[in-house]
Amino acid sequence: MLNLHSIGISHHTASLDVREKMWMSLDETREAVKHLHGRYFEECMLVSTCNRTELYGIGKNGNVAEAELRRFLIDAKSAGDTVKPEHFTGSISDEAVRHLFRVAAGIDSMVIGDIQILGQVKEAFQVSTELHAMGPVMNRLMQSTLHVGKRVRTETSICEGAVSVSYAAVELASKIFEDLSRKSVLLIGA
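Residue numbers are given in my numbering: position 161 of the sequence shown equals residue 161, and the series is strictly consecutive.
Worth flagging that the hints you see were computed from the coordinates, not collected in a lab.
You can trust all of the hints, since none of them are fake.
Once the Cα atoms are required to be at most 25 Å apart in a straight line, the calculated BS3-like pairs of lysine-lysine come out as:
1) K84 - K21
2) K77 - K21
3) K122 - K21
4) K122 - K77
5) K84 - K34
6) K34 - K122
7) K122 - K60
8) K150 - K122
9) K34 - K77
10) K60 - K34
11) K34 - K21
DEER-style ranges, computed between Cβ atoms:
12) E95 - R182: 47 to 53 Å
13) C50 - S144: 22 to 28 Å
14) V185 - E155: 31 to 37 Å
Model, not experiment: these values are computed from the prediction.
In this text, a Cβ means the ideal position worked out from N, Cα and C, and glycines have one as well.
Let's have the full structure, built from the sequences with the hints guiding it.
Put into structure tokens, the structure is as follows:
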């Protein structure tokens with residue numbers, strides 16, 4: 001049985017303001033992985049997007065203190081005023097692997113079939129590889145994860161239709177208004 005642990009927040013568990021507080025830049029992601037690797041995990045990576053910040057790792061000696069990891073992630077973002085432990089979910093072993101596969105395939109995305117998430121997962125993998133935070137177990141897992149993500153996109157129709165929030169918004173607006181070419185749009189947010 002694989003000793004993979006997954007802990008994080010997503011659009012399933014946290015509002016947009018909470019997710020925004022927990023989003024990590026590439027530099028913040030690197031610092032977090034450096035801190036977590038060796039201290040809590042033998043191998044690890046951190047995926048941070050607008051809809052999720054999730055940590056995946058192989059626990060040292062099979063143990064992972066989820067409460068400590070939640071506290072670390074919250075403190076790393078100075079987000080204790082907004083982000084609470086109940087915003088986090090966690091899974092282990094086969095359940096964590098299935099979750100990672102669902103994320104990479106776009107099945108767990110806010111908009112099913114999200115085309116960006118596979119690239120974001122791949123980038124997280126590359127960052128952890130550069131930091132030597134990937135070992136043989138997660139390296140093999142990530143090769144399988146990327147394969148699953150690509151396969152779902154090529155062998156299913158998951159990417160047909162709305163594959164991003166912006167695309168879904170345009171589709172909805174097209175149903176409400178006859179001619180979008182004569183409409184002005186104000187975009188607020190990221």
